[in-house]
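Sequences listed follow chains A and B, in order.
Residues 1 to 503 (the numbering used here) are what the first sequence spells out, left to right.
Residues 1001 to 1448 (the numbering used here) are what the second sequence spells out, left to right.
I should point out that these hints are in silico values taken from the structure, not numbers from a laboratory.
Predicted, not measured: the structure shown is a model, and the values here were computed from it.
The C-beta atom is built at its ideal place from N, Cα and C for all residues, glycine as well.
You may find that some hints are simply not true.
As the list claims (entries may be wrong) - One side only, chain A facing chain B, incomplete, derived with CB under 8 Å:
#1 Val196
#2 Ser214
#3 Asp362
#4 Val385
#5 Glu483
#6 Leu488
Stated by the list, open to error - Reference listing, derived: stretches of chain B covered by chain A, where coverage requires no fewer than 3 residues with Cβ under 8 Å from a Cβ of chain A:
#7 1405 to 1417
#8 1426 to 1439
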Amino acid sequence: MLATIPSATLLGVEGRRVAVEVHVSSGLPGFTLVGHPDPVCREARDRVRAALLSSGLPWPTKRVTVNLAPGMLRKVGPGLDLPIAVGLMVATGELEPEAVAGCAFVGELGLDGSLRRVPGIVPMVGALDVRAVVVPVDCAAEAAVVGRVRVRVAERLSELVACLRGHEPWPEPPRPPDVACSALRPDLADVRGQPVGRTALEISAAGGHHLLLSGPPGSGKTMLARRLPGLLPALEGDDALVATTIRSAAGEALPPGGLVVEPPFRAPHHGASSVALIGGGTAWMRPGEISQAHRGVLFLDEMAEFPRMVLDALRQPLEEGVVRVSRARSSVTFPARFLLVGATNPCPCGEAGPEGRCRCSDAARERYNRRLSGPLLDRFDLRVVVSRPDVAHLLGGPPGESTAVVAARVAAARERARSRGVGCNAELPAALLDEVAPLTPAAASVLEHRLRVGALSGRGLHRVRRVARTIADLAGAGELVDEGHVCLALGLRAEVVPAEVAA
Amino acid sequence: MNERPPTCDPAPYDPALCDPALCDPAPGGPAPGGPAPYGPVPGGPAPGGSAPYGPVPGGPAPGGSAPYAPVPGDLAPTAVGLEPGLVPEGFVAALAGLPGMGHRRLVALLRRWPPEDAWRQVLGGRADDDPGLADLWCRAAADVDVEELWRRHLRAGVGVLAFGRPGYPAVLADDHQPPGVLFRRGDPSALDGRRVGIVGTRRCTRYGRELAHELGRDLAAAGVRVVSGLAAGVDGAAHAGALVAGAAPPIAVVGSGVDVVYPRRNAQLWADVAAAGLLLSEAPLGAAPEAWRFPVRNRVIAALSEVVVVVESHIRGGSRYTVEAAADRSRTVMAVPGSVRNPASAYTNALLADGCPPARDATDVLVALGLSTAGSGAGAEAPGDQRPSPGPIESDVLDALGWEPASLEGVVLRSARSPAEVMVALAHLERDGWVTSTHGWWERVGHG
Chain A
1 MLATIPSATL LGVEGRRVAV EVHVSSGLPG FTLVGHPDPV CREARDRVRA
51 ALLSSGLPWP TKRVTVNLAP GMLRKVGPGL DLPIAVGLMV ATGELEPEAV
101 AGCAFVGELG LDGSLRRVPG IVPMVGALDV RAVVVPVDCA AEAAVVGRVR
151 VRVAERLSEL VACLRGHEPW PEPPRPPDVA CSALRPDLAD VRGQPVGRTA
201 LEISAAGGHH LLLSGPPGSG KTMLARRLPG LLPALEGDDA LVATTIRSAA
251 GEALPPGGLV VEPPFRAPHH GASSVALIGG GTAWMRPGEI SQAHRGVLFL
301 DEMAEFPRMV LDALRQPLEE GVVRVSRARS SVTFPARFLL VGATNPCPCG
351 EAGPEGRCRC SDAARERYNR RLSGPLLDRF DLRVVVSRPD VAHLLGGPPG
401 ESTAVVAARV AAARERARSR GVGCNAELPA ALLDEVAPLT PAAASVLEHR
451 LRVGALSGRG LHRVRRVART IADLAGAGEL VDEGHVCLAL GLRAEVVPAE
501 VAA
Chain B
1001 MNERPPTCDP APYDPALCDP ALCDPAPGGP APGGPAPYGP VPGGPAPGGS
1051 APYGPVPGGP APGGSAPYAP VPGDLAPTAV GLEPGLVPEG FVAALAGLPG
1101 MGHRRLVALL RRWPPEDAWR QVLGGRADDD PGLADLWCRA AADVDVEELW
1151 RRHLRAGVGV LAFGRPGYPA VLADDHQPPG VLFRRGDPSA LDGRRVGIVG
1201 TRRCTRYGRE LAHELGRDLA AAGVRVVSGL AAGVDGAAHA GALVAGAAPP
1251 IAVVGSGVDV VYPRRNAQLW ADVAAAGLLL SEAPLGAAPE AWRFPVRNRV
1301 IAALSEVVVV VESHIRGGSR YTVEAAADRS RTVMAVPGSV RNPASAYTNA
1351 LLADGCPPAR DATDVLVALG LSTAGSGAGA EAPGDQRPSP GPIESDVLDA
1401 LGWEPASLEG VVLRSARSPA EVMVALAHLE RDGWVTSTHG WWERVGHG
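One chain only, chain A, in its complex shape (with noise of 0.2 Å):
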């Protein structure tokens, strides 16, 4: 007898709907498993035994031939397990096939019959187009987020038989805690001095403007970057279920009430992998860190003990804002609109700048400024030097702005970008500056001198020109950028690493 189960499977960050076809006839007693599973799919047989037969069902001594369709796609992960086993049992005839009828299984199974949570529930659930969902218990809150799908939960095989078969009520889905974590963030009241720091970072919150933090160890770099996420606004619509999906899919715990609504911060050690910072991966396409930093922020401390062609694989989507994983199997899109924030040392010992404290050779620094290449600087519209805070700021010396302070300001400059039609001021198309962001004469003749000394390419004067609009809103100036904003933008924007040391 035959049975066709619907389901889903996980490309990237995307789910593809697969139907599950088991079909059960006299013959040799045995178990085949085609439609290209991967590796861990291909163990679902001996874990669908083992559940059933733990969950007092019985198993087949007949010819049982499974098949995954689409035959072309690649099935990943234990999700198929508990489709299988339903599709099993229907086509054994333990359950009614009207019992099914409309109704998606995902989940993995344990040995003893226990249903267990599965990577990319959001985007699976999202891609199939039935009435309702079952899902293991764990997994109901991520289900739940994608809204048009009842979702159904179990959490053992033997229960989930027995609402199937209408003995029993579908219990209700666990209601999630009503923490509200976002106390515990960091806040930018404890960063004492640092009012460059500070000014940078707002700006940079506001503007969707890359930032560069160079200093010695114990500048506050870090702690600076930290507190990054919480000036940005609060993901909404899409951008929100973009981030879901995306967490979802690396396999992460999603926030208790499902949907990610804070944007992300993600802080890569400098040892990750270009395939972890990018995505990619040879057990399935997983989003790297730069995806699962979308709408949020991507922390690179120590950037300069990255290799550098870690580095320079980020320059393409910082561009494109996706980017584009292609294997021999398979091509997949990630989303990866994120919020650069670098931390480097300026050389290995970390004390150098023109006091002189630095203790490296000439060759150590210059090898030390090599990782970080040109190109990969240019993106950064903020390059700020932070130096140790005095000790008097430290132990006394009044708390700085709160993050709510500083994020209302934030949010009003971004409603301004987006009256241009952008979504921060950093997306601002070059043809469009001398409209939005017009300069007053006394700004023009600043610009003028840095162009004609040499120290501004014609690409910095356009991101100069950026920052500067984002300073005037910031400021709630008017349509004019004014001599102040221009002169800051430049100031934020040192050449903190010699990006060419001369020979």
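Given the structure of chain A, go ahead and fit chain B onto it with the hints provided.
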């Protein structure tokens, strides 16, 4: 000990080497009028292989001035009148390249034997009382082809000033730690005149670089030879200043071989100094800039200088070796005052506290040399300052910046103004030439 037969027989000379036409490093090198004063006897190797030029028996060359007769106006490093043929200097160069050969051992050898005999003693394993060292030298010398080595010097346009030979600078011959050999590029007559050493840290601030440049320029313009080390930072700036003046030739004493440019970025300066003045080194050709060579080099700078000016140095910087060597030789040490908060001025300020006279500008140094009686003009506003005077906010920011380098954040904190305000002021000041920024650090620019 094993008696090794000499494997490299120093006698006799290859006649080909004695042909000036073959040995001349550059076509049209030595001016017509013949080869250098001690040119070889044509085709005449002395029988028995002893040096045909009669070594100056122990002790310094008589008279202060070099008996060199350099070709007037012909200062290109490859075209200086080099000795063709295998001369005693060739053996000194070979001796200098032996392992464990410091200046003391080399001088001791040269005091005991003429260069060629010394080489023969080395080959015979009898050159030192310590049998281990003598054996080490003997084995190393066995692989050395002195003629080929000397040809390399000729090809590279490198001359050799050997202790006890004519041409060796008198001021060094009288020293208590004279260099056994000095490899040179450029004109040795550059040493004739008043000489001032300008030294300091490689990791200097802009202030230090400016001061070194001004001192080098103004002293050279006054006819004083600037002696320095051609290193990054203060040394290089002093030489660059001396070259700008285009008057007195600069003298550089470097720590690596004269053909090993270090640091690489000073390659142009290195060539310019060799062309306009004199480049000296105790290290043999191809010697890497090893750390131990620099303190040793510093004593040569001190010995060559009548006055040593320290521009900027950290408290444990290499300049203190130069200062100690200068004090040993009763040379005057002067120091450029700096901010007490600037770690790069810590040593110079300590020198001033110990009673060194301050060097505020070139006039102070010229007074110390007895070349000028005028008081220093330092401290007074330079009359020639063409820069527009800063506005009220700009003056405030300039005061906050002071004479130490500061990041934007430093200036903002010191001036208690908003970052935007400070940046506008700094942009104006930079446009008018009052301040400059490198790698995110702001520094005040002196006049000029």
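*Quick check: which numbered hints come out false for this structure?*
none
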